[in-house]
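Enquirer: Letter by letter, the chains look like this.
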Amino acid sequence: MYVWLFRQLPGPLWLRILLSAAILAVVLSTLVEFVFPWIADMTQLTDSTVG
Amino acid sequence: MSNVLNRRAVVAQEDHRTRRGRSLLAVQVVGELLITLGVIAVLFVAWQLWWTNVEADAAQGAAVKQFVQEHQVPVTEETAGTLPATRDPAAMPVGTAPAHGVAIGVIYIPRFGVEYSRPIIEGTSSDVIDTLGLGRYADTAMPGAVGNFAVAGHRQTRGAVLDNIHLLVPGDKIYVQTADGFYTYVFRNQEIVLPDRTDVILPVPAQPGAVPEQRLLTMTSCNPRFGSEERIIAYSVFDSWQPLSAGPPAAIAKQLAALQGKG
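Same order as they appear, the protein sequences are chains A and B.
Mapping the first sequence onto numbering that gives the first Met the number 0, position 17 (from 1) lands on 16, and the numbers just tick up by one.
Mapping the second sequence onto numbering that gives the first Met the number 0, position 40 (from 1) lands on 39, and the numbers just tick up by one.
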């Protein structure tokens, strides 16, 4: 799957590596900014208030 | 004749190969997705246990510095610990609650380390305690007031504000600095309760309707560490007060001087 995705990227090898790194960075920041806080709120693993 | 048979065999073989290829591909895609999920799970744990601390420590350090520098106290490294002792608690002011998310003051707990200081913010919703530090339960008393000044803080993650709450020893001093002065509390006892025990933050803990006489500071956090099945509650009793103009209590003077000195 990832090999296939990598082959879909345009340009020479160095550009494709650069693009993959950029896509990875976007995915990671989305996880940290939106997905992880949402999961943390859902799970209440670290609630410290009473009631 | 043999040619036709051969061709049929070849076609059959190719057919077989593509089908096998397809199922292999499916297995590969599912495998890669599972590995991705695993990596995301590990990243989530790293984010929660490490990165939220990095972010919250920075935000809380900035909030403490801002409060301390907006409420300058006459103390320098040289005079630290030599300023007048505690004043009369009868003349003690009690602040009014600020708006949600606004700083009430700073808490110093030497038992948690000589550098330990955290902001106290109004409100206990996640937007407050997830980044800014200790949150005050909105319906409870203000620092120094008769009744129960109750705050909540994370045990792990988000700055791990009360990580060492179980290390408090009866008699430990806890200092709360507000715009009005320094309120000193003495740690009394702690208990571990279920999360629905809201009566621990009542004016008289666990006694609904009782008229308070003592001035308490109650801190709540999750228990056990790295879990939240229970809550750990730490009760402290008011000891003394001094105005900002008198300088900080000796135990936190050096720390406060350093905080004020930082540009």
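One should not assume that every hint holds.
Stated by the list, open to error - Chain B side only, calculated, beta carbon under 8 Å to chain A, not exhaustive: (1) GLU31; (2) ASN52; (3) ASN188; (4) GLU190; (5) THR219.
Since the hints were made in silico from the structure, they are not lab data.
Here a beta-carbon is modelled for each residue, glycine too, at the ideal position from N, C-alpha and C.
Enquirer: None of the hints should be skipped; say for each whether it holds.
Expert: Hint by hint, here is what the structure shows:
Interface restraint check: B:GLU31 against chain A, minimum CB-CB distance 5 Å, threshold 8 Å, status holds. The closest approach between the C-beta of B:ASN52 and any C-beta of chain A is roughly 11 Å, which is over the 8 Å cut-off, so the hint fails. A cut of 8 Å between beta carbons decides the hint on B:ASN188: the least distance to chain A is about 17 Å, and the hint is violated. Because the closest C-beta pair between B:GLU190 and chain A is about 12 Å apart, greater than 8 Å, the hint is violated.
Nearest Cβ of chain A to the Cβ of B:THR219: about 5 Å, under the 8 Å cut. The hint holds.
Checked against the numbered hints given earlier, this structure breaks hints 2, 3 and 4; the rest are met.
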